[in-house]
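Chains as they are written, first to last, in this note's numbering: chain A, 1 to 370; chain B, 371 to 740; chain C, 741 to 1110; chain D, 1111 to 1480.
Source of the hints: derived by calculation from the structure; they are not laboratory data. Treat the hints with care, since some could be wrong.
[What the hints assert, rightly or not] For each label pair, taking beta carbons as the anchor points, the in silico distance ranges come out as:
id: 1; chain 1: A; residue 1: E148; chain 2: B; residue 2: Y660; range: 30 to 40 angstroms
id: 2; chain 1: A; residue 1: Y235; chain 2: B; residue 2: G541; range: 38 to 48 angstroms
id: 3; chain 1: A; residue 1: G362; chain 2: B; residue 2: K652; range: 54 to 64 angstroms
Since this is a predicted model, take the numbers as computed values, not measurements. We put the beta carbon where it would ideally sit given N, CA and C, even for glycine.
There are 4 protein chains.
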Amino acid sequence: MDSLFLRRNYGWLVCGLPGITTKFLHKMKTKIGIVGASGYAGVEIVKLIARHPNVELGCVTSRSLAGTPVAEAMPSLTHLLPEGFKFEQSTPESVAAMQDISVWFLALPHGAAAEYARALIAAGKKVIDLSADFRLHSLDIYKEYYKEDHKAPELLKLGKYVIAELFPVSGEDKLIACAGCYPTSILLPLIPLMREGAVGLEHIVIDSYSGVSGAGKKSDLAYAYSERNESAKAYGLPKHRHNSEIEEELSIAAGRTVVVQFNPHLAPMTRGISTTITIPAKYDGVDKIYDIWQKYYGGRPFVKILKSGRFPDTLHVCGTNRCDMSAVYDPRTKNLVICSVIDNIVKGASGQAVQIMNLMLGFDETAGLL
Amino acid sequence: MDSLFLRRNYGWLVCGLPGITTKFLHKMKTKIGIVGASGYAGVEIVKLIARHPNVELGCVTSRSLAGTPVAEAMPSLTHLLPEGFKFEQSTPESVAAMQDISVWFLALPHGAAAEYARALIAAGKKVIDLSADFRLHSLDIYKEYYKEDHKAPELLKLGKYVIAELFPVSGEDKLIACAGCYPTSILLPLIPLMREGAVGLEHIVIDSYSGVSGAGKKSDLAYAYSERNESAKAYGLPKHRHNSEIEEELSIAAGRTVVVQFNPHLAPMTRGISTTITIPAKYDGVDKIYDIWQKYYGGRPFVKILKSGRFPDTLHVCGTNRCDMSAVYDPRTKNLVICSVIDNIVKGASGQAVQIMNLMLGFDETAGLL
Amino acid sequence: MDSLFLRRNYGWLVCGLPGITTKFLHKMKTKIGIVGASGYAGVEIVKLIARHPNVELGCVTSRSLAGTPVAEAMPSLTHLLPEGFKFEQSTPESVAAMQDISVWFLALPHGAAAEYARALIAAGKKVIDLSADFRLHSLDIYKEYYKEDHKAPELLKLGKYVIAELFPVSGEDKLIACAGCYPTSILLPLIPLMREGAVGLEHIVIDSYSGVSGAGKKSDLAYAYSERNESAKAYGLPKHRHNSEIEEELSIAAGRTVVVQFNPHLAPMTRGISTTITIPAKYDGVDKIYDIWQKYYGGRPFVKILKSGRFPDTLHVCGTNRCDMSAVYDPRTKNLVICSVIDNIVKGASGQAVQIMNLMLGFDETAGLL
Amino acid sequence: MDSLFLRRNYGWLVCGLPGITTKFLHKMKTKIGIVGASGYAGVEIVKLIARHPNVELGCVTSRSLAGTPVAEAMPSLTHLLPEGFKFEQSTPESVAAMQDISVWFLALPHGAAAEYARALIAAGKKVIDLSADFRLHSLDIYKEYYKEDHKAPELLKLGKYVIAELFPVSGEDKLIACAGCYPTSILLPLIPLMREGAVGLEHIVIDSYSGVSGAGKKSDLAYAYSERNESAKAYGLPKHRHNSEIEEELSIAAGRTVVVQFNPHLAPMTRGISTTITIPAKYDGVDKIYDIWQKYYGGRPFVKILKSGRFPDTLHVCGTNRCDMSAVYDPRTKNLVICSVIDNIVKGASGQAVQIMNLMLGFDETAGLL
């Protein structure tokens, strides 16, 4: 372990309080495992955990990079990782067997995630899953949207759908399904309003534009630079997979079935989701809306509510774990128009996963995320 | 006049039919004037007219570029223009006095356009106006949206709002208001459906993302590269100026007042508008919709109807005068979702203006535009 | 053949001179074949030929698109092509057997191009090849740079390396090798200076930045949007394949061996090459340089020489067949710094190929290219 | 001071060691002032200091934003700043009078920086200046390149030009001139080689491409999105202002006058500089070069040396304080080609300034920068 690594990880304390031994501090850190660390979301979790003040990387797996030093693939982590720390090959069994790692992030395709989750849960580990495997409450809807049988149906009950600001997380939780990227940008503004009965429940239209990284790290001509640059377009209509979790969660929040028109698009940028929601208003003006948002998010560090008439911008949240939102009331149409933006890879995936880990392990919600 | 210019402009005919004198051919070309030729739309009209087989540039004005050779500012026109052809200074009176130019394009801010139109109309010229000055049928709505009194109210009746595929244009027309960029992308798919009573008229939601050139050629930090790159965001809500013409025209098409939620946004690209319209369906499926579109646009060169399930892409219409569109029916919501794309500077401004000129002067609709 | 197609292709003449039958005109057009029409360069040639006033598309082949209507893949050509005109499957023999097509463009990978060229030349056709197969004068250098034996070594002599402004092209030419994209941007400014002995021949450094389309239409993670956006980087150093033709041609121009440092890079844009050449000056100032350029390019439509102190911009040549260039003299270093820009797909590939065809068939050099 | 702010700033220690009072910790932090905090570099320093573990923001000034809460302009800092912390108006005298702030960053235009520096130095403060005012050793060269007399010539001797890895910094330093962005990318690879006499000193050519943020936060049409998108071009040739410091420092390193050809360009990206240096080699191969780099940078956290044949990418250093570099030897030309990349705003400006502060105040070099 090189001295820069030591200084870096423990130096802040050491520098203030030289008497405390690094050994003692070392024991304080929880070891974290990450399965599937080479995709855009996986890379981002590795970076967040490597910089996190309270936890440390125990194991990082990647089929394609197994054997490669992590710092080679992610040079900005060079001085944050023990020398020689490598990507590992893994199976559900091999990760479940790692004694000293108690919390695992799964950044895997759906299906594969379920199999790892089963082995890890059986071994008493905590799992924070970024895939869709445990987001839905119904096996039928899972099959309808994902076109295959669920790989670990017995765990569906245990799984808990979470957006960090809206669903309580505690040390008791064992299997958490992080919300998808589009749903995070949609549910953060809408769930409070639906829980409070403050908006209409019919004729809801949601248009979202996502950066291209949302499609994943793929060798696919459709995502080639020369095909996506200067290109804005819809896709996946009329029934994108994320519809399923959006409607399930809105229905729970509203206490009745809610159906929405969700229109996803690609925009020529790497990161960011810009979501615009048109929803029939129940009140003239936005005061009531802002009151409710204030009640839910007033103290929360990762939701920023902009004044009505100012509009959130993906660029301003890029690289942050924040969701910015605002609303206007249109007296001509009696609609609310709500705009929200997130970084699809951070708040829409890895940042939120780490925020959930913070809540789960009793750390400050912002630890490693500001 | 250099020989390359001569060959270029008349050579294709000459080469096939050497006996015809260039003098004779020269007489066949209508001279065109363009006022305000230095903005993005103005530049594009100059290019289109310079390349047009049936007309030629007579006068190009620009306050900021007066005295500069046009070919210096637009080098790709070097061999299409007479040597020494320059941007000119102008007033409404000076352009109206130019005897040999009978058709004028106005690429001016609203307000200024009305003053030029008044002088030109009084002098018996034909005017194709790209500003908003003659788009609206009501002075009150003009004042409501543009925050000033109309500068030539007596001409409002004479002015004719045109999208080339939807409004007949003839040699009788004197003052034509080209539709705005957003409205073109919206009205092309919607007006036929409303005229035929094929869609619901309530709860219409329109989300559009425009390239940054839509904001014009401006020294404004808000449109600086580093501010707009990687940025997607809404703006101008809830009452963008284009609302006025969208709703006026939809109401005429539907035969009753239509109010829509129009949500404009900026996307990080130079050109293109991607519009997605959610509208309650009257029929299951899209067959009726496609039949109507086929009826209106079947023979028209600049509307391309994509199969349901394929989605138009701004990149594919970039630099063309085309509007691509498609529709899906969502059985869960009973909505139609209609997607359309245009190049905001071509079909959304200059290309459409030239298309209108073609129709007005009896040329092939596609002349100079394919 | 639909009437719009007829009107479009022959209408300009017909409209001016209604008595001339389309049949007669039809006979005037040379039929053109294009092999490998689905890559970025291939698509561009198809567009240029479809719009060309003097020739018409006879056959367009593509392995991946065989059977698809060309207008489906390139909708902007819909009204320029006969209805139902499709991409075809091909072999060297099958294209060579097409009686009515006398000129073929090859937009194929090197190696494959040589095999088509052999069959076409044997059948008495003219070939304009965009690959590297006939660019080099030495089989050894071909093997050194392309790592394989030449597939049609007997044709090397017949092949003629061409940049349209620098090498005479005539109806006698049978097999033309269009210069590569980087070399076009480099040789256009340099060859005249070397032929005239106006610059030093040692310590020449050439840095070029290319848009991503230069890498071709590939499903390769290295060219994915999220990997290339916001990325500038060198690649292929120290011996990019284009070195071979750059040095061969400079050596011929200078009359002695010239070796250059050529440093290629990728920039985050779809199109364009920006080349900057540092070369020891022989004269104080740039007057002599500009005189020579003027002598070579003064009457040429596709080279624009900017005043010293103004710098060419890839954006300004994007979509054009132009090369813009300028030079400054640095009295501190006694170097000339020459900057040039082209659109890599147009002047760097397809536009130049069509320009060469124009010269070969005796048309105006600019036909179909302004 | 809200509790989240307290927890955030002191919580990591507090959480591990609850007995230590925040009051005690508070005293440990050095207060930092930043003048000119609204430009791209200024904003970045504010962010770095707000997140820094060992220092805290004392005062942030901006003429244009005076009176605005900092967290409003930079929402990601909301929970890192005391509530109500605002941008302030300032004069050289007013900042010099602030008793509790001992270290100031100047992110001002040249000329203005000198005036603040004079007042601050007179008041016994430490100054880290990001402008060009104290980068040069000669008043004549300053005037030659910056076209005006130096505003504080008496301080030139006190000022110390620093690139953190190459010039020792200590608590004794009073006035530090941070290297410019281009020079940082150029001098980091070159100075060690020149100090060791390992490269030729003639015929050095440096081509750099910078992201548009390098031009600053300006309302200038030249930097508008639609003008810079898809645009690569040279500018400022043949004598960019940064030439002066590049040549001064190389000459010092080499022990004799060194003149270089420095060719700056703009690339269509927000951040990043990609520099490619062609320099005559003294040795066959790169071993000696890599040995020297290893000697200078082996233990340094912010220089990453890539294997010969791999090329650094601006995207990989974006948002980091790192310079990545590699070199190839070209046996044909006997040149070394050295490529380096930095984030122009971080390592090229604000990150390096904070790194220098760390060294000056005795903190770990990486504090707040990993």
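To see whether the hints hold, each was checked on the structure:
Taking the beta carbon of each, E148 (chain A) and Y660 (chain B) are about 33 angstroms apart, inside 30 to 40 angstroms as hinted. For Y235 (chain A) and G541 (chain B), the hinted distance range of 38 to 48 angstroms is satisfied, since their beta carbons lie about 44 angstroms from each other. Between G362 (chain A) and K652 (chain B) the C-beta distance comes to about 56 angstroms, which sits within the given range of 54 to 64 angstroms.
Checked against the numbered hints given earlier, the structure satisfies every one of them.
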